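*Asks:* Okay, so the sequence shown: first residue is 41 according to this note's numbering, each after it adds one.
No lab work stands behind these hints, which were simulated from the structure alone.
Mixed in with the good hints, there may be bad ones.
[Unchecked claim] No more than 30 Å apart at the CA atoms, straight line, and that leaves these computed lysine-lysine pairs for DSS-like:
#1 K207 <-> K162
#2 K250 <-> K83
#3 K207 <-> K83
#4 K207 <-> K227
#5 K293 <-> K227
#6 K207 <-> K189
#7 K162 <-> K85
#8 K162 <-> K189
#9 K207 <-> K253
#10 K162 <-> K250
#11 K227 <-> K83
#12 K161 <-> K227
#13 K227 <-> K162
#14 K83 <-> K162
#15 K189 <-> K85
[Said to hold, decoys possible] Pairwise CB distance ranges, derived in the manner of DEER restraints:
#16 R218 <-> G101: 34 to 40 Å
#17 E228 <-> A289: 32 to 38 Å
#18 D211 <-> D131: 29 to 35 Å
Given the structure is predicted, the values throughout are model-derived calculations rather than measurements.
Even for Gly, the Cβ is constructed at its ideal location relative to N, Cα and C.
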Amino acid sequence: MKSLIILAMGTFLAVFQPTGGQALEIETRSGGAVTVHIYPADKPKAVILMFEGAGGDFNPGGRGFVNSNYSEFVERGFTAVIMDSPDDQNDYPRTGGMHPRFRESPAHVRDIDAVIAMLRKKAPLPIWVLGISLGTKSIANYSSNRPDKIDGAIFLSSSTRPPGGFKSVKDYDYGSVRSPILTIAHKEDECPGTPPGGAREIAAAATASKDAKAIFFDGGDNSGPSPCGPSTPHTFSGIEDDVVSAIDAFIQKQSK
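Take the sequences, apply the hints, and build the full model.
*Replies:* Take a look at the structure:
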């Protein structure tokens, strides 16, 4: 994934990737660093900071909605920025990466703080956050604690019924979030932790948002072995272009 050119840049390292992107390793807190992967659009209209589900590891072209669709956002004029799991987090079962508890933590908020501060310095563009499945825990935690730091949030297949006593995305305090919120679900999502109705619950909780909207999709592919994995409605398999188009339209609507 990484090429041979590595440049020291203050508190972070820049690594140029053969796919045309750039990976930056940022020291975010004592003992912790995160790598962000930046894929710039030619004439960007906004930045979308993305959080993959499961443990949050980024694998370009691999499994997961963010891994396989970030380039579609770039083609539509968005600079895609994917935040990898921090280098000190490896507790997610089987695959490693962020444990759900970490996504709920103040330390995770501080990590995102550092990434957004870096992005603000790089370009004066609106910054949206996007998460799918467990990635929605990251953006719920951040948007509720830092409502003035982002320009909007996109929730996909939201973790509103998490197992194991973890905090539901619908239970965060969105009372201070004035920026737009789009929640997206698939009507046939059978993943137990992400029931489709959760999209409407989040939008209803965002009482201060200037535009909180829930969108529901149907159709597509449902051939995957796990209802919470790829090739299923949970990841909008087979209708990804429609979902990206809806996100594009919603963001553009806010700039009019």
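*Asks:* Confirm or reject each hint.
*Replies:* Evaluation of the provided hints:
1. K207 <-> K162: violated, 33 Å
2. K250 <-> K83: holds, 26 Å
3. K207 <-> K83: Cα-Cα ~38 Å, so violated.
4. K207 <-> K227: holds, 23 Å
5. K293 <-> K227: Holds, at roughly 24 Å.
6. K207 <-> K189: holds, 22 Å
7. K162 <-> K85: holds, 14 Å
8. K162 <-> K189: holds, 15 Å
9. K207 <-> K253: holds, 22 Å
10. K162 <-> K250: Holds. K162 to K250 sits at ~27 Å (cutoff 30 Å).
11. K227 <-> K83: Outside the cut-off at roughly 34 Å; violated.
12. K161 <-> K227: Not OK: K161 and K227 at ~40 Å, beyond 30 Å, violated.
13. K227 <-> K162: violated, 39 Å
14. K83 <-> K162: Given that 30 Å is the threshold and the Cα spacing comes to 14 Å, the pair holds.
15. K189 <-> K85: Roughly 18 Å between the alpha carbons, so the hint for K189 and K85 holds.
16. R218 <-> G101: 34 to 40 Å: Once the Cβ atoms are compared, 36 Å apart, the range 34 to 40 Å for G101 and R218 holds.
17. E228 <-> A289: 32 to 38 Å: With a Cβ separation near 23 Å, E228 and A289 fall outside 32 to 38 Å, so the hint is violated.
18. D211 <-> D131: 29 to 35 Å: violated, 22 Å
Comparing the model with each numbered hint stated earlier shows that hints 1, 3, 11, 12, 13, 17 and 18 do not hold.
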